[in-house]
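Number of protein chains: 2
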Amino acid sequence: MERIGFIGLGIMGKPMARNLINAGYPLVVHNRSQGAVKELAGEGAMAAGSPKEVAEQSDVVITMLPDSPEVHQVALGTKGIVEGTRPGMLFVDMSTIAPAVTREVYAALKAVEVQSLDAPVSGGEVGAKQGSLSIMVGGETEAFERAMPIFKILGKNIVHIGDVGAGQVTKACNQIVVGLTIQAVAEALMLAKRSGVDPARVREALLGGFAQSRILELHGQRIIDSAFEPGFRIRLHRKDLGIALQTGRDLSLPLMSTAQVAELMNALIARGGGDLDHSALALLLDQMGGGE
Amino acid sequence: MERIGFIGLGIMGKPMARNLINAGYPLVVHNRSQGAVKELAGEGAMAAGSPKEVAEQSDVVITMLPDSPEVHQVALGTKGIVEGTRPGMLFVDMSTIAPAVTREVYAALKAVEVQSLDAPVSGGEVGAKQGSLSIMVGGETEAFERAMPIFKILGKNIVHIGDVGAGQVTKACNQIVVGLTIQAVAEALMLAKRSGVDPARVREALLGGFAQSRILELHGQRIIDSAFEPGFRIRLHRKDLGIALQTGRDLSLPLMSTAQVAELMNALIARGGGDLDHSALALLLDQMGGGE
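Note that the protein sequences, when read in sequence, are chains A and B.
Per the working numbering, numbering through the first sequence is continuous, rising by one, with the last residue being 292.
Per the working numbering, numbering through the second sequence is continuous, rising by one, with the last residue being 292.
Don't take every hint at face value.
Unchecked claim - In silico SDA-like cross-links for lysine to any residue, where the CA-CA straight-line distance does not exceed 20 angstroms:
{"#": "1", "chain 1": "B", "residue 1": "K156", "chain 2": "A", "residue 2": "Q212"}
{"#": "2", "chain 1": "A", "residue 1": "K156", "chain 2": "B", "residue 2": "E204"}
{"#": "3", "chain 1": "B", "residue 1": "K52", "chain 2": "B", "residue 2": "G24"}
{"#": "4", "chain 1": "A", "residue 1": "K156", "chain 2": "B", "residue 2": "R201"}
{"#": "5", "chain 1": "A", "residue 1": "K156", "chain 2": "B", "residue 2": "L207"}
{"#": "6", "chain 1": "B", "residue 1": "K52", "chain 2": "B", "residue 2": "Q34"}
{"#": "7", "chain 1": "A", "residue 1": "K152", "chain 2": "B", "residue 2": "G209"}
{"#": "8", "chain 1": "A", "residue 1": "K156", "chain 2": "B", "residue 2": "G208"}
{"#": "9", "chain 1": "B", "residue 1": "K152", "chain 2": "A", "residue 2": "G208"}
{"#": "10", "chain 1": "A", "residue 1": "K152", "chain 2": "A", "residue 2": "D59"}
{"#": "11", "chain 1": "A", "residue 1": "K129", "chain 2": "B", "residue 2": "G209"}
{"#": "12", "chain 1": "A", "residue 1": "K156", "chain 2": "B", "residue 2": "G209"}
{"#": "13", "chain 1": "A", "residue 1": "K52", "chain 2": "A", "residue 2": "K110"}
{"#": "14", "chain 1": "B", "residue 1": "K156", "chain 2": "A", "residue 2": "E204"}
{"#": "15", "chain 1": "A", "residue 1": "K156", "chain 2": "A", "residue 2": "N22"}
{"#": "16", "chain 1": "B", "residue 1": "K156", "chain 2": "A", "residue 2": "R201"}
{"#": "17", "chain 1": "A", "residue 1": "K239", "chain 2": "A", "residue 2": "E263"}
{"#": "18", "chain 1": "B", "residue 1": "K239", "chain 2": "B", "residue 2": "E70"}
{"#": "19", "chain 1": "B", "residue 1": "K129", "chain 2": "A", "residue 2": "G209"}
{"#": "20", "chain 1": "A", "residue 1": "K152", "chain 2": "B", "residue 2": "G208"}
{"#": "21", "chain 1": "B", "residue 1": "K156", "chain 2": "A", "residue 2": "G208"}
{"#": "22", "chain 1": "B", "residue 1": "K156", "chain 2": "A", "residue 2": "G209"}
{"#": "23", "chain 1": "A", "residue 1": "K239", "chain 2": "A", "residue 2": "L251"}
{"#": "24", "chain 1": "A", "residue 1": "K239", "chain 2": "A", "residue 2": "P66"}
{"#": "25", "chain 1": "A", "residue 1": "K152", "chain 2": "A", "residue 2": "G131"}
{"#": "26", "chain 1": "A", "residue 1": "K156", "chain 2": "B", "residue 2": "Q212"}
{"#": "27", "chain 1": "B", "residue 1": "K152", "chain 2": "A", "residue 2": "G209"}
{"#": "28", "chain 1": "B", "residue 1": "K156", "chain 2": "A", "residue 2": "L207"}
What the hints assert, rightly or not - Pairwise CB distance ranges (calculated):
{"#": "29", "chain 1": "A", "residue 1": "T141", "chain 2": "B", "residue 2": "K152", "range": "48 to 56 angstroms"}
{"#": "30", "chain 1": "A", "residue 1": "A270", "chain 2": "B", "residue 2": "P230", "range": "27 to 35 angstroms"}
{"#": "31", "chain 1": "B", "residue 1": "S132", "chain 2": "A", "residue 2": "N22", "range": "49 to 57 angstroms"}
{"#": "32", "chain 1": "A", "residue 1": "E113", "chain 2": "B", "residue 2": "E229", "range": "46 to 54 angstroms"}
{"#": "33", "chain 1": "A", "residue 1": "I153", "chain 2": "B", "residue 2": "S132", "range": "42 to 50 angstroms"}
These aren't lab readings, by the way, just hints derived from the structure by calculation.
A virtual CB, placed ideally from N, CA and C, is assigned to each residue, including glycine.
Could you put the whole structure together from the sequences, leaning on the hints where they help?
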């Protein structure tokens with residue numbers, strides 16, 4: 001069994017690492033704050049003092065970090081992974097970050113004969129705990145196949161999309177579609193409500209036709225119930241749309257509606273709603289339209 | 001069997017009227033241009049010279065017209081339906097128009113003891129021909145039940161949403177969700193394509209998760225294939241979003257993304273794309289981003 005290093009033990013990373021321990025993998029962990037490290041050490045993981053030390057003791061190093069700068073620092077910075085590698089090691093970044101940074105890290109590690117996969121996930125904390133995440137993977141087929149037994153512990157819907165960066169691009173696409181569809185459902189159901197038409201009847205009628213979506217089904221119900229506890233937090237979705245927009249700018253592709261929805265998320269965060277579920281875009285619309 | 005009057009024999013109205021003839025209903029028809037009138041007269045319909053004359057010879061009068069001004073004129077104008085009614089007649093408007101105009105016509109006809117239903121449809125020309133339209137109905141329950149045998153000839157998914165105008169509001173909601181979801185899918189799949197990632201792989205991966213929608217399934221495939229022949233024409237969808245936006249303005253509800261997508265449709269129409277399918281929002285994005 002491969003020795004796995006796991007860096008980043010947050011809301012997502014900790015239950016993922018725990019699932020690997022429970023599957024019998026030897027695990028070396030590292031995290032900025034020590035609470036989660038001690039917790040997992042009590043369940044059989046070894047603690048390492050730096051990403052470099054994690055790499056020195058691992059065959060496969062997984063990162064699950066908040067954003068692009070953290071991945072860049074952990075992979076390529078001082079005492080970073082790159083300082084502890086040897087040829088044949090595999091690096092798997094499961095964070096959601098900018099495809100451009102993914103490609104930079106990929107190239108730097110390739111220079112020391114380390115293969116990389118970008119493997120961002122969807123499915124949230126519940127999916128992380130249950131080992132039912134969707135995993136969107138970019139990188140070489142050989143590396144993908146090597147990582148597959150590990151991915152199968154962590155997730156269910158595992159798709160090899162294409163070359164390096166393809167996983168991150170797919171995640172960005174996913175977050176665009178989810179964010180904009182929530183806004184679509186919010187505008188429709190608020191229009192119904194303000195018109196004196198029962199939004200629950202509208203939701204049901206629309207689910208039977210071309211307007212059908214999982215967002216209308218799930219987040220439409222949240223909007224009808226004003227059930228805005230997370231779920232997926234607005235501030236995290238804004239971060240993901242920031243990645244999509246930066247990628248669009250790099251390609252001179254004007255993502256008009258993505259930009260608008262990101263700004264609406266900005267407004268919601270400015271009003272103190274950053275820790276609400278992303279379906280709270282409907283709450284913002286309600287307030288913009290004079291509601292309480 | 002009730003005698004039916006049918007006004008508006010366009011792409012949608014003509015096959016709908018034909019289905020009623022084939023079901024055995026006595027039909028009186030009226031249309032501005034005479035081609036469709038003569039055609040249906042050859043199949044057993046009677047021709048009438050004005051909406052007033054249609055009303056005089058009918059128990060139920062159905063309209064299927066392009067927009068709000070036409071419905072207002074045909075219902076309440078000179079030689080309009082209102083001049084030919086008697087108490088107990090039923091008026092069913094199946095056009096897609098502004099809920100405010102629906103309510104005005106409803107009130108004027110109620111004053112002469114005529115009940116009204118708003119019953120806009122989705123499903124397009126194919127649905128009209130096959131009698132498989134979705135019908136979203138507003139108005140009194142008694143009137144809805146009276147019209148039900150007729151609706152069953154014309155459609156499949158028939159839902160009584162609520163009081164007068166509720167059908168039109170639901171249709172507006174439907175067009176918001178469909179239009180904005182197409183833009184969402186267009187931005188996502190174009191970002192994938194420009195990033196060098198296969199949009200077909202992205203579509204498949206996204207269909208397995210929260211980003212799933214019928215639009216991603218059907219229009220996502222159209223976008224991948226650049227198959228922009230209609231389908232549902234951009235210029236008709238812009239008209240429908242205009243109704244949604246006017247309704248939002250009447251309620252002081254700021255429909256931010258609906259407004260943006262309507263303007264993108266404007267741009268596409270300005271470039272000569274008004275008769276393309278609404279999935280051609282992706283073509284506009286491609287062109288805005290420097291594509292051919």
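Open item on the list: Next pair to validate is K52(B) with G24(B); report whether the Cα-Cα distance is within 20 angstroms.
Closed with: With a Cα-Cα distance of about 23 angstroms, the restraint between K52(B) and G24(B) is violated, given a limit of 20 angstroms.
TODO: Sort out whether E263(A) lies within 20 angstroms of K239(A), counting only the CA atoms.
DONE: This hinted pair holds, its Cα atoms lying about 11 angstroms apart.
- [ ] Please work out if K156(B) and G208(A) have their alpha carbons no farther apart than 20 angstroms.
- [x] Status holds; Cα separation ~11 angstroms.
Task: Holds or violated: K239(B) to E70(B), with C-alpha atoms at most 20 angstroms apart - done: With Cα atoms ~14 angstroms apart, K239(B) and E70(B) stay inside 20 angstroms; holds.
- [ ] Mind checking the hinted window 42 to 50 angstroms against the Cβ distance between I153(A) and S132(B)?
- [x] Since the Cβ atoms of I153(A) and S132(B) sit about 46 angstroms apart, the hinted range of 42 to 50 angstroms holds.
Task: Consistency of beta-carbon spacing, P230(B) to A270(A), with hint 27 to 35 angstroms - done: This hint is violated: roughly 41 angstroms between Cβ atoms.
TODO: Verify the proposed pairing of K52(B) with Q34(B), using a straight-line Cα cut of 20 angstroms.
DONE: With Cα atoms ~17 angstroms apart, K52(B) and Q34(B) stay inside 20 angstroms; holds.
Open item on the list: Please verify whether K156(B) and L207(A) have alpha carbons no more than 20 angstroms apart.
Closed with: holds, 14 angstroms
Task: Proposed proximity, G209(A) with K129(B) (alpha carbon, max 20 angstroms) - done: This hinted pair holds, its Cα atoms lying about 17 angstroms apart.
- [ ] Please work out if K156(B) and G209(A) have their alpha carbons no farther apart than 20 angstroms.
- [x] holds, 11 angstroms
- [ ] Would you mind confirming whether the straight-line C-alpha gap from K152(A) to G208(B) stays at or under 20 angstroms?
- [x] holds, 16 angstroms
Open item on the list: K156(A) and G208(B) were given as a pair; does the straight-line alpha-carbon distance stay at or below 20 angstroms?
Closed with: Measuring from Cα to Cα gives roughly 11 angstroms; hence the hint holds.
Hint compliance for this structure: hints 3 and 30 are broken, all remaining hints hold.
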